[in-house]
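When you read off a place in the sequence shown, starting at 1, and then add 596, the result is the number in the working numbering.
Heads up, a few of these hints could be off.
[To be verified] Label pairs and their calculated CB-CB ranges:
(1) Arg810 x Gly742: 45 to 55 Å
(2) Arg796 x Gly716: 36 to 46 Å
(3) Gly894 x Ala947: 18 to 28 Å
(4) Gly831 x Ser802: 18 to 28 Å
These aren't lab readings, by the way, just hints derived from the structure by calculation.
The beta carbon of each residue, even a glycine, is placed where N, CA and C say it ideally should be.
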Amino acid sequence: MDHPEPGEGVLWALGSTEPSAEGTALVRGVRRSRRLGLLRELLRGVAEAVPGAQAAEHWALLEEAERRDPGAAGDVVHYPATGVWAEETLRRLRSPYGPPPDTGHLGALAAAAALRAGIGFKATLRPAHGRLVLPTLGLLRPARAGPVVLTEGSWDPADPAALALHALPGGRAALDDLDPYRAPGTVHPARRLTPKGHKRWDIQWSGALTLLRRYDTARAEEAGLLLRSVVPLSGSSRAAGGTLPEAAGTVLARAQAPPALAATLVHEVQHGKLAALAQAVALHTADRSARYWAPWRGDPRPLEGLLRGAYAQLALAGYWQRAALYGARGAWAQHARIRAQVAAVLPVLLARAELTRAGRVFVEAMAAAERAMDGDPPPGGQHAVARAAVERDRVAWCAAHPNLAAFAVA
597 MDHPEPGEGV LWALGSTEPS AEGTALVRGV RRSRRLGLLR ELLRGVAEAV PGAQAAEHWA
657 LLEEAERRDP GAAGDVVHYP ATGVWAEETL RRLRSPYGPP PDTGHLGALA AAAALRAGIG
717 FKATLRPAHG RLVLPTLGLL RPARAGPVVL TEGSWDPADP AALALHALPG GRAALDDLDP
777 YRAPGTVHPA RRLTPKGHKR WDIQWSGALT LLRRYDTARA EEAGLLLRSV VPLSGSSRAA
837 GGTLPEAAGT VLARAQAPPA LAATLVHEVQ HGKLAALAQA VALHTADRSA RYWAPWRGDP
897 RPLEGLLRGA YAQLALAGYW QRAALYGARG AWAQHARIRA QVAAVLPVLL ARAELTRAGR
957 VFVEAMAAAE RAMDGDPPPG GQHAVARAAV ERDRVAWCAA HPNLAAFAVA
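Taking the hints into account, I'd like the entire structure generated from these sequences.
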């Protein structure tokens, strides 16, 4: 971990799930530090494994773009897909088996940074499958096979040979259905969308942002600061959304109605925050054995999975509570159900000796945030009904997993 260990105040702020300047700064700082370290390690690996000066030339172009316009170069370097490529390329460099590393993609990164920075340059790149991807910009479809020479005038979104990355309305996030590294190999993103598909996403995204800004302005602003891209999942995906550490700053999501998409964004942003925090400080020392009851899932979870899920669910409970106060239909029921699930597992988390000092502060902040929800309880007996339903679920889970029953109670 090459980032300074966060203090108790930052841990408490992040543990509450509430957006904060110090929490956002830590998440962004950790992501930047990790990405730069990853690229330095990658450059060393490429220099050792690939003869010739091309990689060094590409790196020099990237550095020149950074000197001219740090923001433009940073947009490319810290784009989520860049992390996926860097992680995969490092793995391939270190493995004697499997496909060769895609070291030429460094040239695409450098060219994209140079184009965004507006510097004069000349770079020779090799398209893959007739396409030349320029991260954060889009892709080119050259008319002829073979290497392509790019200069400062090579990118024009209006050119029929260019296909620009689709910008989602209302912020700086892109809908990435182009970059081959938009998601790791274990994930199956949707293929390139049609204009009709882009329009559908625009409508759903705008609707989700409208709801977020209406019900929870701070979470809407946080999502805008921490998300760079949305990768549409294929229609066959069972999950509504997801995040992955190597693609920090992206959310994987299915096309869905605005209320569901808004909830997905709240949920997945928390996963991204927790992943960054875990790279700065260890929150627990537990192994990956799946032992714990998580009311929002049917299968036993490791302590890491329980913590990760409870954290995201806690934020969702808060979001639905605020939506309910604005009169959103069904929001009180969502809040009561999710809060009851989180309340059932917080004592289990707090009782674990595997929590580090930082982890204990973090979970105590989660518990305090859950208790604070008492200030605006749902009407009628919804809270009690939800807790009773969760308790029945616990009893049923323990009956189905008798050897793990001890991990469902504090």
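Verification of the hints:
1. Taking 45 to 55 Å as the suggested C-beta distance range, the pair Arg810 and Gly742 conforms, at roughly 53 Å.
2. Checked against the given bound of 36 to 46 Å, the beta carbons of Arg796 and Gly716, roughly 40 Å apart, stay inside it.
3. Distance hint for Gly894 and Ala947: a CB-CB separation of about 23 Å, consistent with the stated range 18 to 28 Å.
4. For the pair Gly831 and Ser802, the supplied restraint of 18 to 28 Å holds, since their beta-carbon distance comes to about 21 Å.
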